[in-house]
Amino acid sequence: MMARFACVHVPFFAAAAAARCEPALGDRPLAIVRGIPPATRVLEASATARERGVAPGMTETEARARCPGLVSRPWCKERIASARHALLEAALAVSPRIEDAAAGVVFADLAGLERLFGDDVAVAGRLARSARRVGLPARVAVAGTRTAARIAARNATATVTAVPPDGERAALAGIPLDVLDLAADVATAFARWGVVTLGELAALPRAALAERLGAAALRAHDEAQGRDLEPFRPWTPPAFWEEAQGLDWEIDDAGALLAVLGLVLERLAARLEAAHVHADVLDLDLELTSGGRDQRSVPLAHPTREVALLRMLLRHELALRPPPAAVTAVAVSVRAVRGQPGQAGLWQPPAPLGRDLATLVTRLTALVGGDRVGSPSLVDSHRPDAAAVVPFAPPPEAPADEPAPALASLVLRRLRPPRPVDVGTDDERPVRVRRGDLGGAVIACAGPWRTSGEWWDARGWSREDWDVLLDDGTLCRIARDRVTGAWVMDGIYD
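For the sequence shown, position 128 (counting from the first letter as 1) is numbered 153 according to the numbering used here, and the numbering increases by one without interruption.
Hints are computed from structural coordinates only; laboratory data are not their basis.
It cannot be assumed that every hint is accurate.
Listed below are the simulated SDA-like cross-link pairs for lysine to any residue, each with C-alpha atoms no more than 20 Å apart in a straight line [unchecked claim]: (1) Lys102 <-> Phe265; (2) Lys102 <-> Ala466; (3) Lys102 <-> Trp274; (4) Lys102 <-> Gly82; (5) Lys102 <-> Ala128; (6) Lys102 <-> Pro81; (7) Lys102 <-> Thr65; (8) Lys102 <-> Gly317; (9) Lys102 <-> Arg59; (10) Lys102 <-> Thr314; (11) Lys102 <-> Pro263; (12) Lys102 <-> Thr353; (13) Lys102 <-> Asp125; (14) Lys102 <-> Asp247; (15) Lys102 <-> Arg122.
As the structure is a prediction and not an experimental result, all values here were calculated from the model.
Turn these sequences into a full structure, and let the hints guide you.
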């Protein structure tokens with residue numbers, strides 16, 4: 026089988042990353058600037074701004090003189106990093122083998138995808154739609170090599186381009202030479218020789234080219250022929266997905282902070298949906314004006330990617346523990362997990378929907394506090410009733426072929442809290458049990474069963490348990506605290 030690769034290319038990536046955070050800027054001339062006013066310079070400009078004469082390297086003043094309606098945004102590495110990961114995840118939702126080539130450039134191996142999605146054009150269209158779902162307008166080109174696909178994508182005007190098999194050199198021949206990132210001296214030499222297209226460069230003798238211009242010219246010669254010079258390096262997604270945004274001003278109001286977090290969550294949810302995964306753990310990282318960071322983890326009752334539910338969780342979290350200082354940057358990260366669709370048993374009551382369960386746990390958390398909502402978990406201790414509350418997680422469903430548990434003939438109904446009782450003893454054995462008007466003489470007993478623990482700590486405990494049969498027919502379990510001497514009724518047998 027002939028190898029086929031796709032290049033997903035987002036032109037003017039820094040500007041596209043800013044427009045992704047502010048969709049209203051999509052059709053407006055936009056410049057990404059850096060520096061201290063009035064000496065700010067343009068680092069990147071959108072296609073609309075370039076059409077009006079704005080170019081990287083200009084001062085912001087000169088750019089505004091050429092384009093009066095220009096909108097500028099400061100350079101933000103967090104915004105660009107989030108957009109870069111979003112593009113990678115969008116491509117990974119289509120192809121299992123992708124490569125992170127540069128900011129705004131992703132390669133995808135198309136081997137075997139024709140059986141799922143169709144021909145090269147269909148797969149490229151799917152990649153383009155997946156990138157657009159995460160807010161990044163991309164051009165996708167397919168060719169037999171990654172180099173040819175990248176050059177075709179950078180030079181394309183259409184959203185999807187497919188280079189025929191074995192037609193890479195012919196397809197690249199008419200593309201201008203400035204599509205390559207050439208060193209200044211190499212570009213000057215080619216211009217002096219009158220070489221203006223990739224086809225003209227590919228036709229030059231390789232030995233003479235190496236002798237005159239060295240390794241840089243040989244690399245350009247290989248690229249003009251569409252050759253791959255480096256092996257494919259598959260990209261592995263991180264354990265946690267993060268969406269971050271720096272702020273142009275500090276925020277000390279909870280409502281304004283929640284509005285920013287809502288936009289961040291929307292972008293993160295779009296990435297999760299494009300990759301067909303859900304958020305399992307939600308972490309919030311706030312950068313403060315004091316120089317510190319406010320980091321917290323928000324438990325989720327059920328994997329979800331619903332923005333409204335995640336926003337509700339963050340609102341309750343911020344209401345319970347407001348940030349100690351004004352916020353200058355925010356980052357939200359999640360651990361992505363695959364959904365687990367399934368059908369409940371025919372003879373079992375239907376389980377609640379995951380989103381309804383998560384909403385219920387969220388409301389309970391807001392009502393009673395996060396430390397009072399969760400699942401009970403046994404503590405590694407011999408102390409009776411030793412339990413703790415852990416973050417809520419739905420219990421796993423029992424396999425359909427698992428046999429039902431056998432019914433016990435004798436069940437202890439435990440009393441919680443245990444009931445204090447008066448116990449009379451003879452030679453340390455209980456002979457009478459009384460609690461108010463209830464109780465009577467002990468006609469049979471078994472025990473004692475002694476347990477103790479934590480003797481090395483001030484919380485040391487020791488107790489003994491007895492099963493006793495009273496003269497009125499009651500079979501119960503009583504226990505004595507060997508530290509205080511107090512007796513309690515721990516449960517009654519049915």
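To see whether the hints hold, each was checked on the structure:
1. Lys102 <-> Phe265: holds, 18 Å
2. Lys102 <-> Ala466: violated, 79 Å
3. Lys102 <-> Trp274: holds, 16 Å
4. Lys102 <-> Gly82: Answer holds: Lys102 to Gly82 is near 19 Å, not above 20 Å.
5. Lys102 <-> Ala128: holds, 11 Å
6. Lys102 <-> Pro81: Given pair Lys102, Pro81 holds - Cα atoms ~17 Å apart, limit 20 Å.
7. Lys102 <-> Thr65: With Cα atoms ~17 Å apart, Lys102 and Thr65 stay inside 20 Å; holds.
8. Lys102 <-> Gly317: With Cα atoms ~19 Å apart, Lys102 and Gly317 stay inside 20 Å; holds.
9. Lys102 <-> Arg59: At roughly 11 Å apart (the allowed maximum being 20 Å), Arg59 and Lys102 satisfy the hint.
10. Lys102 <-> Thr314: Between Lys102 and Thr314 the Cα gap is close to 18 Å, so the pair holds against 20 Å.
11. Lys102 <-> Pro263: holds, 18 Å
12. Lys102 <-> Thr353: Status holds; Cα separation ~14 Å.
13. Lys102 <-> Asp125: holds, 17 Å
14. Lys102 <-> Asp247: violated, 33 Å
15. Lys102 <-> Arg122: violated, 26 Å
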